[in-house]
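Peer 1: Letter by letter, the chains look like this.
2 protein chains.
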Amino acid sequence: MDTPPLPNDAPAFADADSLLPAIAQDAQTGRVLMIAYMNREAYDLTLSTGWAVYYSRSRGALWRKGETSGNRQRVRRVLLDCDQDAILLQVDQEGGAACHQGYPSCFFREATPAGLRVVEQRVFDPSEVYGK
Amino acid sequence: MDTPPLPNDAPAFADADSLLPAIAQDAQTGRVLMIAYMNREAYDLTLSTGWAVYYSRSRGALWRKGETSGNRQRVRRVLLDCDQDAILLQVDQEGGAACHQGYPSCFFREATPAGLRVVEQRVFDPSEVYGK
Chain A
1 MDTPPLPNDA PAFADADSLL PAIAQDAQTG RVLMIAYMNR EAYDLTLSTG WAVYYSRSRG
61 ALWRKGETSG NRQRVRRVLL DCDQDAILLQ VDQEGGAACH QGYPSCFFRE ATPAGLRVVE
121 QRVFDPSEVY GK
Chain B
1 MDTPPLPNDA PAFADADSLL PAIAQDAQTG RVLMIAYMNR EAYDLTLSTG WAVYYSRSRG
61 ALWRKGETSG NRQRVRRVLL DCDQDAILLQ VDQEGGAACH QGYPSCFFRE ATPAGLRVVE
121 QRVFDPSEVY GK
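Read top to bottom, the protein sequences are chains A and B. Residues in the first sequence are numbered from 1 upward in steps of one, following full-length UniProt numbering. Residues in the second sequence are numbered from 1 upward in steps of one, following full-length UniProt numbering.
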């Protein structure tokens with residue numbers, strides 16, 4: 001298996017509209033907080049501002065994480081994978097919760113033989129943060 | 001913002017061909033090892049066998065992680081995110097390296113103002129494991 005040369009230092013965005021997955025991980029605890037997507041502009045803004053900026057596929061717009069909830073992500077380290085088609089952010093999660101459902105991590109449910117089981121405690125009530 | 005009811009206990013594969021991202025994390029250290037994709041069959045095989053099985057987009061086939069390198073992933077926990085469109089595997093990584101380039105993690109390079117910087121040590125030489 002050949003190891004292809006690295007084209008450059010940026011993620012492999014095919015064009016301005018293409019999206020790549022971005023994982024956010026708590027820089028202190030190692031907890032995986034969430035996965036979202038970035039386009040090139042979101043990636044560049046994340047690097048230049050030091051705050052996580054994603055691209056919301058549902059809204060079709062840049063998503064400055066925490067702009068509604070206040071739960072922003074201060075970026076400590078940005079890592080790229082071997083194929084340069086995935087991004088890992090190591091972040092300090094403000095407010096202690098990454099998930100819009102109020103949990104520290106979006107991965108708050110475990111798949112078990114008996115079905116999904118919630119394995120985290122809620123940090124906030126979504127209806128109080130986002131309104132009804 | 002409403003919290004939609006959960007449709008069921010499985011990831012939201014739209015059909016047998018649809019893919020969802022799957023993050024593998026070292027169950028002991030918390031290190032994020034890699035991101036790959038699963039179709040429904042790969043997900044079911046992962047749950048039923050206890051070993052990570054992905055779907056290789058480049059090969060268009062199931063990818064039993066480690067079948068060539070021996071670096072299999074014993075799955076300790078499977079978590080789903082809030083939208084049920086992403087999967088997190090907490091695994092014991094055999095051989096100490098998840099990446100086909102010989103690094104513990106595929107995320108072995110940090111994006112810095114001076115360019116990409118390798119931040120991990122190689123565990124194996126890819127040419128010896130995969131051949132030329």
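Keep in mind that the hints are not guaranteed to be accurate.
To be verified - Partial chain A-side listing against chain B, Cβ under 7 Å, derived:
no., residue
1, Val-75
2, Val-78
3, Cys-82
4, Ala-114
5, Leu-116
6, Arg-117
7, Val-118
No lab work stands behind these hints, which were simulated from the structure alone. Keep in mind it's a predicted model, so treat the numbers as computed, not measured. Note that beta-carbon positions come from the ideal geometry of N, C-alpha and C, so glycine has one too.
Peer 1: All hints are to be evaluated individually against the structure, with a verdict given for each.
Peer 2: A quick look at each hint next to the structure:
1. Look at Val-75 of chain A: its Cβ only gets to about 10 Å from chain B, farther than 7 Å, so that hint breaks.
2. Restraint check, Val-78 of chain A versus chain B: the minimum CB separation of about 4 Å is within 7 Å; hint holds.
3. For the restraint placing Cys-82 of chain A at the interface with chain B, the shortest Cβ-Cβ distance is roughly 5 Å, inside the 7 Å limit, so the hint holds.
4. With a least beta-carbon distance of about 9 Å to chain B, the hint placing Ala-114 of chain A at the interface is violated under the 7 Å criterion.
5. Proximity of Leu-116 of chain A to chain B holds as hinted, the smallest CB-CB distance being about 5 Å (cut-off 7 Å).
6. For Arg-117 of chain A, the shortest C-beta to C-beta distance to chain B is roughly 10 Å, which exceeds 7 Å, and the interface hint is violated.
7. Checking Val-118 of chain A against chain B: minimum C-beta separation of about 11 Å lies over 7 Å; hint violated.
When the structure is compared with the earlier hints, violations turn up for hints 1, 4, 6, 7 and for no others.
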